[in-house]
Amino acid sequence: MTTPVWKLLPQTPTQSVQVVWREWPDGKQESCLVTAEEYLAWLAEGNTPLPAE
Amino acid sequence: MTMIIDGTSGTTLAAQFDSAATFGFKNRIINGAMVFDQRNQGASVTPANSAYTLDRWKCYQITASKFSVQQTPSATETGYTTRVAAGFNNYLAATSLSAYSVSASDYYTVQQPIEGSNIADLAWGTANAKTVTLSFLAYSSLTGTFGGSIFNSAGNRSYPFSYTISSANTWTQISVTIAGDTSGTWLTNNGTGIQVCFGLGAGSTYTGTANTWAGTLYIQPNSTVSVVGTNGATFYITGVQLEKGSTATSFDYRDYGTELFLCQRYLPAFSGAGQIGGGGNAVNGSTAYTTVTFPVITRVAPSGMTVNSAGNFNIGCAGVTSDIACTSVSASNFSTSSALVNSVISSGITGGQVITMRGGASALMYFTGCEL
Numbered sequence: 001m002t003t004p005v006w007k008l009l010p011q012t013p014t015q016s017v018q019v020v021w022r023e024w025p026d027g028k029q030e031s032c033l034v035t036a037e038e039y040l041a042w043l044a045e046g047n048t049p050l051p052a053e
Numbered sequence: 054m055t056m057i058i059d060g061t062s063g064t065t066l067a068a069q070f071d072s073a074a075t076f077g078f079k080n081r082i083i084n085g086a087m088v089f090d091q092r093n094q095g096a097s098v099t100p101a102n103s104a105y106t107l108d109r110w111k112c113y114q115i116t117a118s119k120f121s122v123q124q125t126p127s128a129t130e131t132g133y134t135t136r137v138a139a140g141f142n143n144y145l146a147a148t149s150l151s152a153y154s155v156s157a158s159d160y161y162t163v164q165q166p167i168e169g170s171n172i173a174d175l176a177w178g179t180a181n182a183k184t185v186t187l188s189f190l191a192y193s194s195l196t197g198t199f200g201g202s203i204f205n206s207a208g209n210r211s212y213p214f215s216y217t218i219s220s221a222n223t224w225t226q227i228s229v230t231i232a233g234d235t236s237g238t239w240l241t242n243n244g245t246g247i248q249v250c251f252g253l254g255a256g257s258t259y260t261g262t263a264n265t266w267a268g269t270l271y272i273q274p275n276s277t278v279s280v281v282g283t284n285g286a287t288f289y290i291t292g293v294q295l296e297k298g299s300t301a302t303s304f305d306y307r308d309y310g311t312e313l314f315l316c317q318r319y320l321p322a323f324s325g326a327g328q329i330g331g332g333g334n335a336v337n338g339s340t341a342y343t344t345v346t347f348p349v350i351t352r353v354a355p356s357g358m359t360v361n362s363a364g365n366f367n368i369g370c371a372g373v374t375s376d377i378a379c380t381s382v383s384a385s386n387f388s389t390s391s392a393l394v395n396s397v398i399s400s401g402i403t404g405g406q407v408i409t410m411r412g413g414a415s416a417l418m419y420f421t422g423c424e425l
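Heads up: the protein sequence lines correspond to chains A and B, in order. Quick note on numbering: the numbering used here labels position 29 of the first sequence as 29, and the sequence is numbered without any gaps. Quick note on numbering: the numbering used here labels position 272 of the second sequence as 325, and the sequence is numbered without any gaps.
Some hints could be false.
What the hints assert, rightly or not - Using 25 Å as the maximum straight-line C-alpha spacing, the simulated SDA-like pairs for lysine to any residue come out as follows:
(1) A/Lys28 with B/Ile329
(2) A/Lys28 with B/Tyr133
(3) A/Lys7 with B/Leu393
(4) A/Lys7 with B/Ala414
(5) A/Lys7 with B/Asn361
(6) A/Lys28 with B/Ile58
(7) A/Lys28 with B/Lys111
(8) A/Lys28 with B/Ala96
(9) A/Lys7 with B/Asn102
(10) A/Lys28 with B/Asn80
(11) A/Lys28 with B/Ala182
(12) A/Lys7 with B/Asn386
(13) A/Lys28 with B/Glu424
(14) A/Lys28 with B/Thr389
(15) A/Lys28 with B/Val98
(16) A/Lys7 with B/Gly364
(17) A/Lys7 with B/Ala101
(18) A/Lys28 with B/Ala301
(19) A/Lys28 with B/Ser215
(20) A/Lys7 with B/Ser103
(21) A/Lys28 with B/Thr262
Said to hold, decoys possible - If you want a taste of the chain A side facing chain B, the calculated C-beta under 7 Å gives, among others:
(22) Val19
(23) Trp21
(24) Pro25
(25) Gly27
(26) Lys28
(27) Gln29
(28) Ser31
(29) Cys32
(30) Leu40
The set of hints was computed from the structure by calculation and includes no laboratory data. Bear in mind that the values here come from a model prediction, so they are computed numbers and not experimental data. Cβ atoms here follow ideal geometry from the backbone N, Cα and C, with glycine treated the same way.
Chain A extracted, bound-state conformation:
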């Protein structure tokens, strides 16, 4: 299964840390803080998130 690209979600006034989100082909959805280890590891591989809409 191809690893989906993280997408930045709009940061709301209630959020102190921005959140990223992605959806897998099987429908699984993940979200995490931009400070989360898994996201930072993904960035370290040279990946870039999709912008917030």
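Using the hints, position chain B against chain A.
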């Protein structure tokens, strides 16, 4: 334990009643009987390096896709009656996906990091370090001398141990007694105290002399079995117990609810039909926030959340007659007790309305980042 009642001495309790390991949190391993698999619900997975599989059980595979893991793929494996008779309905099954020759810096493991606060009484790293005994039921399609290791969070103190499985496809009871480490740093806070590791193959950098402490990270002893070296080879394990003392005692069979609570300190999760959160509000016509409260206080605040499918989750709203299925679900504002879930739907609500969140029969939601 022996209880003697006579007319002279009255009541005398002897033997294990005096054992250091008899009472309280005897088994420092959580989900040692492999009962809980909240993430994967019994599905086979090929874990990424450093990924969790069954609750509390983490896997390392330095080169990807060398083994898969599944909770109890069959309840009728050859010799299953031995396992069932020992009291274990579930097990963790690791299966090699190729015939892979490990390189010097490779290692492949199934391991459990034990939180430091749960091993503080062992006084490791001091002159008063307590002896522990690791016991488990193991099973493999291979035979020979297998290996594992106990090590600290920094990976600069380790004790590689060996054990023998003489008969293929036969559950074998194993017991290993380890003198506590009087050196090194062993965390006693909410970080990793002790790693209990079962090796599935390790290169020369990570193998060392068996049954002695070393000032480096060894995953398993020299010349022990590499499960990942044989395509289709299996390694099954259950009934894992780490206890204080020099004797393996009976498995600490904790009640289901208690064991689940222990797991949820590291992986708060909700599954199946039912109310998940309340006290929410609609932000606009298609977005709602709901507070989800965790079953137990987590080790640390989560940093992420996973749902198996957004469509398995619905929001309910006063004045709206039917629940509305979500199209995306995310979470933020994490604490050790709750999170804010952001649900997006196509339409049907109005900003300011009170919202609740419900899971359908197939719903699975869990919060990540609390594991060690």
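Quick rundown of the hints versus the structure:
1. For the hint linking A/Lys28 to B/Ile329, the alpha-carbon distance of about 18 Å falls within 25 Å, and the restraint holds.
2. For the hint pairing A/Lys28 with B/Tyr133, the CA-to-CA distance comes to about 34 Å; that exceeds 25 Å, so the pair is violated.
3. For the proposed pair A/Lys7 and B/Leu393, the alpha carbon gap of about 18 Å is at most 25 Å, so the pair holds.
4. With a C-alpha separation of about 28 Å, the suggested pairing of A/Lys7 with B/Ala414 is violated against the 25 Å cut-off.
5. Of the pairs offered as hints, the one joining A/Lys7 and B/Asn361 holds, with about 18 Å between alpha carbons and a cut-off of 25 Å not exceeded.
6. Restraint check for A/Lys28 and B/Ile58: the C-alpha separation of about 61 Å exceeds 25 Å, so the hint is violated.
7. Between A/Lys28 and B/Lys111 the alpha-carbon distance is near 21 Å, which keeps this suggested pair within the 25 Å criterion.
8. Simply put, A/Lys28 and B/Ala96 have alpha-carbon atoms about 14 Å apart, close enough for the 25 Å limit, and the pair holds.
9. Proposed proximity of A/Lys7 and B/Asn102 is supported: the alpha carbons are some 23 Å apart, at most 25 Å.
10. With a C-alpha separation of about 34 Å, the suggested pair A/Lys28 and B/Asn80 falls outside the 25 Å cut-off, and the hint is violated.
11. Under the criterion of a C-alpha separation no larger than 25 Å, the hint pairing A/Lys28 with B/Ala182 is inconsistent with the structure, at around 45 Å.
12. Our distance criterion of 25 Å between C-alpha atoms is met by A/Lys7 and B/Asn386, whose separation comes to about 18 Å.
13. Distance restraint check for A/Lys28 and B/Glu424: the Cα-Cα separation of roughly 20 Å lies within the 25 Å cut-off, and the hinted pair is therefore satisfied.
14. With a C-alpha separation of about 24 Å, the suggested pairing of A/Lys28 with B/Thr389 holds against the 25 Å cut-off.
15. Distance hint between A/Lys28 and B/Val98 is fulfilled; the C-alpha atoms sit about 14 Å from each other, no more than 25 Å.
16. With a C-alpha separation of about 19 Å, the suggested pairing of A/Lys7 with B/Gly364 holds against the 25 Å cut-off.
17. Annotation: proposed proximity of A/Lys7 to B/Ala101 holds, straight-line Cα distance about 21 Å (limit 25 Å).
18. Proposed proximity of A/Lys28 and B/Ala301 is contradicted: the alpha carbons are some 42 Å apart, above 25 Å.
19. Distance restraint check for A/Lys28 and B/Ser215: the Cα-Cα separation of roughly 40 Å exceeds the 25 Å cut-off, and the hinted pair is therefore not satisfied.
20. Between A/Lys7 and B/Ser103 the CA atoms are separated by roughly 23 Å; this keeps the pair inside 25 Å, and the hint holds.
21. Between the alpha carbons of A/Lys28 and B/Thr262 the distance comes to roughly 44 Å, so the proposed pair goes past 25 Å and is violated.
22. Look at A/Val19: its Cβ gets to within about 5 Å of chain B, closer than 7 Å, so that hint holds up.
23. Because the beta carbon of A/Trp21 sits about 5 Å from the nearest beta carbon in chain B, less than 7 Å, this interface hint is met.
24. Among the interface hints, the one on A/Pro25 is violated; its C-beta lies about 11 Å from the nearest C-beta in chain B, farther than the 7 Å criterion.
25. For the restraint placing A/Gly27 at the interface with chain B, the shortest Cβ-Cβ distance is roughly 4 Å, inside the 7 Å limit, so the hint holds.
26. With 7 Å as the threshold, the beta carbon of A/Lys28 comes within range of chain B, its nearest partner Cβ sitting at about 6 Å, so the hint holds.
27. Taken as an interface hint, A/Gln29 checks out: its beta carbon lies about 5 Å from the nearest beta carbon of chain B, inside 7 Å.
28. For A/Ser31, the interface hint holds, since its Cβ comes within 7 Å of a Cβ in chain B; the closest pair sits about 3 Å apart.
29. Given hint, A/Cys32 at the interface with chain B, holds; its Cβ is 3 Å from that chain's nearest Cβ, closer than 7 Å.
30. Checking A/Leu40 against chain B: minimum C-beta separation of about 10 Å lies over 7 Å; hint violated.
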